[in-house]
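Please take these sequences and the hints and turn them into a complete structure.
Spelled out from the first residue to the last, the chains are:
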Amino acid sequence: MSELTKLTIGEARDGMAKGAFTAVELTQAHLTAMEKARALNAYITETPDLALSRAEASQVRIQSGKAGSMEGIPVGIKDLFCTEGVKTTAGSKILGDFVPPYESFVSRKLKDAGAVMLGKTNLDEFAMGSSNETSASGSCVSPWTRSGDDTKLVPGGSSGGSASAVAARIAMAATGTDTGGSIRQPAAFCGIVGLKPTYGRCSRWGIVAFASSLDQAGPMTRTVGDAAIMLRAMAGHDPMDSTSAPVEVPNFEAALTGDIRGLKIGLPKEYRPEGLDPEIAALWDRGAEMLRDAGAEVVEVSLPHTKYALATYYIIAPAEASSNLARYDGVRYGLRVDGNSLDDMYRKTRAAGFGEEVRRRILVGTYALSAGYYDAYYLKAQKVRALIAEDFKTAFKTVDAILTPTTPTAAFGLGEEVNDPVTMYLNDVFTVPTSLAGLPGLSVPVGLSSTGLPLGLQLVGRYFDEETVLNVGSVLEKAAGFSALPKGLEG
Amino acid sequence: MTYLIEGETGTWEVVIGLEVHCQVISQSKLFSGSSTTYGAEPNSQVSLVDAAMPGMLPVINGACVEQAVKTGLGLRAKINKHSVFARKNYFYADLPQGYQISQYEQPIVGEGKLVLDMPDGSSREVGIERLHLEQDAGKSMHDQHPSKSLIDLNRSGVALMEIVSKPDLREPEEAGAYLRKLRSILRYLGTCDGNMEEGSMRCDVNVSVRPLGNDELRTRCEVKNVNSVRFVMQAIEAEARRQVDVYENGGEIVQETRLFDPAKGETRSMRSKENAHDYRYFPDPDLLPLEFDDAFVEKIRDALPELPDDKKSRFIADFGLTPYDASVLVVDQANADYFEAVADGRDGKIAANWVINNLFGALGKAGKSVGESPVSAENLGKLLDLLKEDVISGRIAKDVFEIMWETGGDPEAIVEEKGLKQVTDTGAIEAAVDAVIAANPDKVADVKGGKEKLLGWFTGQVMKSTQGKANPGMVNEILKKKILG
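The listed protein sequences correspond, in order, to chains A and B. Using this note's numbering, you'd call the opening residue of the first sequence number 10 and step up by one each time. Using this note's numbering, you'd call the opening residue of the second sequence number 5 and step up by one each time.
In case anyone wonders, no lab produced these hints; they're calculated from the structure. Note that the Cβ used here is the ideal one computed from N, Cα and C, for glycine as well. A portion of the hints provided could be inaccurate.
Straight-line alpha carbon distances no greater than 25 angstroms define the calculated DSS-like cross-link-like pairs of lysine-lysine that follow [unchecked claim]:
#	chain 1	residue 1	chain 2	residue 2
1	B	457	B	447
2	B	143	A	357
3	B	92	A	389
4	B	85	A	392
5	A	392	A	45
6	A	357	B	402
7	A	392	B	92
8	A	389	A	316
9	A	357	B	92
10	A	402	A	278
11	B	92	B	143
12	B	425	B	392
Quick partial rundown of chain A residues pointing at chain B, CB under 7 angstroms, derived from the structure [unchecked claim]:
#	residue
13	215
14	251
15	336
16	341
17	353
18	378
19	382
This is the structure we're talking about:
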């Protein structure tokens, strides 16, 4: 492995500024690594030529003193972000060879900040999944394996390709999107940092929609500091997204003081159900201890409606998805399978174009919105959602951030859970409440399981208070000193 | 209540409610920046949002919101400062998103009212249930290709106001009056051009019937997309008659959507309730609730034009018009303005008579609008002045008007040029009278003998000999004096 691919964004930025290496060299090192790591199936589309030409342009800007905040940094873009002139599949057959004539707001911001796109990363189809196994481009694999066991493991999902790529050092950072845990769970599985910002922090314009009221783009990086740099480049008000918040984008990097003395950290008691994996419980306790040692006050809080969160999520997200995915009808773009009538064409196109999990969620969502069931399901779910948000609001009256496990288990093997949707959905049990409330959530790698797999803890903060979340996260990161590397990348 | 259906089992009353889709006059679409110009090259006014490309998001067009509020104020309706856009989900080839963004439980405008001006001069109030904003769909064309349907998305996303009446209408005639009045108000406001032929105003009619004296609301049928006022009235008659027949034959009406066939004068089933779409309405998560404050509403209210009802009251009060004449004059703003220009400083009733009977009559025959009238308001006013000042007689005035209609000329010049001035010179009239008396001694004797009715005949003869220019009043007076002494 080239030394260049090991760098953090901060280190690479400094290295290029000093002239230690060029943006082209940095990109080339990643392109070379990508070729060697194709077995991971982390990228659906690689864009080496585009990457090199952008790196060249970056180098010119660096030399002329016009470097942007992400200048020359090689990144993976989740294949849910529309990229102008580059095939965008959303991990689905139904988009066929769809090449958008436009660039998503977030990927455009990154590009404008100088980031170099290496390619489009793998994901669960339409971001629906927790293992990256529902992708029409095939499963992505984690670079991690259990100690003494070569079983292929899932990278988590839906942003599995991004997590795998960043962990495998074939992207310095990557974009993810998170609807119920799709950034945080794969980050935890792959031993990297993943931040789901406050809903409204990053524009959804140009991101293929899954569940509009939950979808949020965020950075996936190897350090908390990198997440801070990248978030700043991604965030900002966008008048083209009515749900994008007209708030200032702070300098997140500057918020990383490492000083959390006097801060109050809450541990929600409902996140310690009977049967919680003792290893996860122990990791959580250790994390709390680290924050206490750093001068924070750790207290128990209650989020009483937590137990309804998963059920609520699995009404709201599929309901919105059933409507959002109606546009894939074979009429204007993407796959079309001809039929003997319009309805027949719809049926054939959508049957051929959507995978099983997407079809399941469209059906669940359609049912939940149907006449006679709307009140019992969708409306009730919205009421519970409000109660869940209220729980957090109450908790944040007394604490500044909340610490929880990110996932209930470490990464599992390919094919182990894919046939059991409910077990699969349980992966998101700790991340979904935050999504429903629209709050920022950060997953930080904190330790290894007994089988040698990464485990993460989640920090949740107040609305638009990513600064505190990142600052506490950086303290946790430092205290945990997570330095393990996937097999083959050590040394 | 004049419209009733006499069935075999008794008398039936018709209950009618209208849902009118009105295309909002705006530069760009409801949720995108594409132009709304009618008649452009197919698919030339389609943005990424209108075509529902992946990841595209709607952004509300404030101008359309203003138009909806303006219309709500024109309908004297409750303006909801908080309203919610909802998705109405269904699949169709000309509906790119697979849903229409509409408003469902919380529309932008609530209850209001509309006053009908009936042909007999009476007025009647009809309740407005609501007005909501929604997107129009694209257009499917099934006749352009032997095996394919073509889609034009130019209309996709254009703003519509759906205006729903309460089931307050009882006659086809009232439904027609409702549509005409609504159109008049929308045109005054400049919020919809009301053009039913071009489809910028489309009407769905809800019809049910019930035995007279019964005030239950029975199952209704919805007759979709009726595209003229006349067809709306015909569709109601046909549908009401059908329902009466069903009931009287022991049947039941099932709730369904029907289509009106103007050629056959009947409605037929389009889809029954069982096959009805389940639209799965839910609040659109891509849009925040629509919110504005009182100041926004008041600013729009302050800029409202005088509306037909107020204008009508003013015409009655200021010009002494009959309610019927006033309502005819105010239907169209340009007509009303024309009338006001003619009536300014003159007798309003006479002005109204001339405008309604002579001008509108001529315009109607020629198929012209008042804006295209060859007779300007100024010239018509001058004509009335000539009449009032006895420069010409009423009969001559009609002739002058015809010349004005043909040439667009100034009435004073026409009267001068054609020598049409009324003869008020006593000597000249006396001479003409003397001539007629001298020529008809036997008739003079008859008058003297008591047949005073014959005086009219003498007047006619004198008018004839003076080519209508003699002042008829003076002729009468002189005749009486000369014959009866």
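Query raised in the report: Which hint numbers does the structure go against, in order from smallest to largest?
Result: 5, 6, 17 and 19
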